[in-house]
Each structure stands twice: as C-alpha cells, then as structure tokens.
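In case it helps, the working numbering puts the sequence shown at residues 1 to 140.
Hint data in this document are derived by calculation from the structure and do not stem from the laboratory. Cβ atoms here follow ideal geometry from the backbone N, Cα and C, with glycine treated the same way. Any given hint could be a false lead.
FRET-style restraints, in silico, Cβ to Cβ [stated by the list, open to error]:
| hint | residue 1 | residue 2 | range |
| --- | --- | --- | --- |
| 1 | K124 | K90 | 25 to 35 Å |
| 2 | K128 | N88 | 25 to 35 Å |
| 3 | N133 | S76 | 14 to 24 Å |
| 4 | N88 | I67 | 16 to 26 Å |
| 5 | K90 | K128 | 14 to 24 Å |
| 6 | K124 | V73 | 26 to 36 Å |
| 7 | A64 | E116 | 17 to 27 Å |
| 8 | A68 | N113 | 11 to 21 Å |
| 9 | K119 | I67 | 15 to 25 Å |
| 10 | Y82 | K119 | 11 to 21 Å |
| 11 | K128 | K104 | 28 to 38 Å |
| 12 | A64 | G100 | 25 to 35 Å |
Dumping the calculated EDC-like pairs for lysine to aspartate or glutamate here, alpha-carbon to alpha-carbon at most 16 Å [unchecked claim]:
| hint | residue 1 | residue 2 |
| --- | --- | --- |
| 13 | K128 | E116 |
| 14 | K104 | E116 |
| 15 | K91 | E116 |
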Amino acid sequence: MNFLFLLKNIFIFIIINLLIFEYTKAIKCKPLADCLNHKECGGLNGKIGTNRCSGLVIGKCHCAACIASTPCVNDSQCGGLYNGCDQNSKKCNCLQAISGHYSKNINKTIYSNTMEYMKHLCLKEDCKNSIINCHGLPCL
1 MNFLFLLKNI
11 FIFIIINLLI
21 FEYTKAIKCK
31 PLADCLNHKE
41 CGGLNGKIGT
51 NRCSGLVIGK
61 CHCAACIAST
71 PCVNDSQCGG
81 LYNGCDQNSK
91 KCNCLQAISG
101 HYSKNINKTI
111 YSNTMEYMKH
121 LCLKEDCKNS
131 IINCHGLPCL
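Using the sequences and the accompanying hints, generate a full structural model.
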C-alpha cells in the first residue's frame, strides 16, 4: 500500500515538473534570469510572474549594487561602480563616485544637483550598456 502511494506521488511530481518545463520553454522565459525588458520574457502585457520580468525598475541602473562603507580593494566590491572604492579609506563611497560622474556629465546642466542626477541614473536611465550608461553598475 505504501509503495503504491509513493509511486503515485513520484508520478505526480514528474508530471508537474514536465508541465513547468514545457510552460517556461513555450514562453521563452528563463525563471529567475536577468532581463532588461518584458519582451525578453515573451510578452508586454502579461501579469507579473507570467511573461514579465519581475522588479520595480526593469532595465534601469542598479544603484543599490554599491553599498556605502563596505570594505573594498577595488570597484568590483562596490557593485562595479567606477571609482566606487575609495582607495584612501578602502571603503565604498558610492555618493562621492556618483558625484564625480555627475561633475563630468556633459548634460549636467539639466540636473540641478548630484541627487537629481542620481535619481535620473537609478530610476530613469535606460540600461542598454551598463558600462557606459550606468558607470559600471549592473542593470536591473
């Protein structure tokens, strides 16, 4: 009796996994994979969890990748943010790095201060190329 119960549960488990595999293959969406827009997951108008990337700011710069005061030796430990690792203190100084990028930005006249630039970078800037657009920060 226990053997039949176990066999039945194994069969159900296999069927469910096959259905999940076929479903994700059909929508061309890899579960938990990075994506920059909803088209990469098979659609634009689906509900969250079906044919859509998850997250609040898809395709934008991941500013939270740099965590202030984290011990570092190089920029990779500061989320990849260029000049994020302060070589004097050996800690991530994200705001100082973004301020430096702001001061070098040719479009800085449209931003009133560093915080306005940071808001644009983190919430509005399209992350087509994280190295150029996001100063080394990864894309969401």
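Practice task
Starting from the hint 11 to 21 Å, judge whether the C-beta atoms of Y82 and K119 obey it.
Solution key: holds, 19 Å
Handout entry: Beta-carbon spacing of N88 to I67 - inside the hinted bounds 16 to 26 Å or not
Key = holds, 18 Å
Exercise for the section: Take the C-alpha atoms of K128 and E116, compute the straight-line distance between them, and say whether it is at most 16 Å. Expected result: violated, 21 Å
Practice task
May I ask you to test the hint 25 to 35 Å on the CB atoms belonging to A64 and G100?
Solution key: violated, 19 Å
Problem - Cβ distance range 14 to 24 Å for N133 and S76, holds or violated - result: holds, 18 Å
Handout entry: N113 and A68 - C-beta distance against the hinted 11 to 21 Å
Key = holds, 18 Å
Handout entry: Range agreement (Cβ of K128 with Cβ of K90, hint 14 to 24 Å)
Key = With a Cβ separation near 32 Å, K90 and K128 fall outside 14 to 24 Å, so the hint is violated.
Handout entry: Outcome of range test on Cβ distance (K124, K90; 25 to 35 Å)
Key = holds, 32 Å
Handout entry: Pairwise beta carbon distance, K119 to I67, judged against the given window 15 to 25 Å
Key = holds, 19 Å
Practice task
Return holds or violated for the Cβ distance of K128 and K104 against the range 28 to 38 Å.
Solution key: At 20 Å between Cβs, range violated.
Exercise for the section: Given the hint that K104 pairs with E116, test it: the Cα-Cα distance must not exceed 16 Å. Expected result: Holds - the C-alpha atoms of E116 and K104 are around 15 Å apart, at most 16 Å.
Handout entry: Proposed proximity, E116 with K91 (alpha carbon, max 16 Å)
Key = Distance of about 24 Å is beyond 16 Å: violated.
Violated hints for the displayed structure, listed by number in ascending order: 5, 11, 12, 13 and 15.
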